[in-house]
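Build the full structure now, drawing on both the sequences and the hints.
From first to last, the protein sequence lines stand for chains A and B. Quick note: the first sequence uses the working numbering, first residue 1, plus one each step. Quick note: the second sequence uses the working numbering, first residue 1001, plus one each step.
Keep in mind that the hints were calculated from the coordinates and are not lab data. If you're wondering where the values come from, they're calculated on a predicted model, not measured in any experiment. It cannot be assumed that every hint is accurate.
Said to hold, decoys possible - Computed list of lysine to aspartate or glutamate pairs in DMTMM-like fashion (alpha-carbon distance at most 25 angstroms, straight line):
no.: 1; chain 1: B; residue 1: K1049; chain 2: A; residue 2: D95
no.: 2; chain 1: B; residue 1: K1100; chain 2: A; residue 2: E98
no.: 3; chain 1: B; residue 1: K1100; chain 2: A; residue 2: E75
no.: 4; chain 1: B; residue 1: K1049; chain 2: A; residue 2: E98
no.: 5; chain 1: B; residue 1: K1069; chain 2: A; residue 2: E98
no.: 6; chain 1: A; residue 1: K57; chain 2: B; residue 2: D1096
Listed below, chain by chain, are the residues.
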Amino acid sequence: KAGVTQTPRYLIKTRGQQVTLSCSPISGHRSVSWYQQTPGQGLQFLFEYFSETQRNKGNFPGRFSGRQFSNSRSEMNVSTLELGDSALYLCASRDAGEQYFGPGTRLTVT
Amino acid sequence: AQSVTQLDSQVPVFEEAPVELRCNYSSSVSVYLFWYVQYPNQGLQLLLKYLSGSTLVESINGFEAEFNKSQTSFHLRKPSVHISDTAEYFCAVRRDGYNKLIFGAGTRLAVHP
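And the structure:
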């Protein structure tokens, strides 16, 4: 099976803009979670989607949102970008057992 | 709430030497425990996990970790490291019934020749 894929791998945006990141889970996986990784805050949980429904949400402002489609693919959106949103955004899909992570999207906000 | 503490931010070690990366967790409920490894410019790869049963779990590349409930620890060990083990290692916990992983701050393992 193909692994978790994330697009794009790298992204540069300007403050105030918005961005959409995409994640395709492993075939058959219905749960998709998103994490933000920064040098200062480490790895932090953003949200989880299962069967198109948000099941859990981390402690992030409303500028961070996501959705999941019927084919389990997920997108996350960040509006009104701030410099502090520069990070590696990781997506993970899960079957009944463990989570499998994608390579991440590195977002740089200038 | 759960939390994870990785006691060492960096661990330098010589090739073929043993290494221990320490992880302690705090939780008022039962949790599952994981070690993930991250190589430069890559995502996270699961190294090993403790869900139940034997408290000593092993990975295919020689790492092992022991779940110690009384000390709330899940330290990662390898008897002889290789240059290729240089990476960042993350300890994580997950509560039963929840998909959210809570990570430690990470330990950067640097293996020197």
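Do the hints match the structure? See the list:
1. B:K1049 to A:D95: 15 angstroms, holds
2. B:K1100 to A:E98: 11 angstroms, holds
3. B:K1100 to A:E75: 18 angstroms, holds
4. B:K1049 to A:E98: 9 angstroms, holds
5. B:K1069 to A:E98: 21 angstroms, holds
6. A:K57 to B:D1096: Holds: K57 of chain A and D1096 of chain B sit about 17 angstroms apart, inside 25 angstroms.
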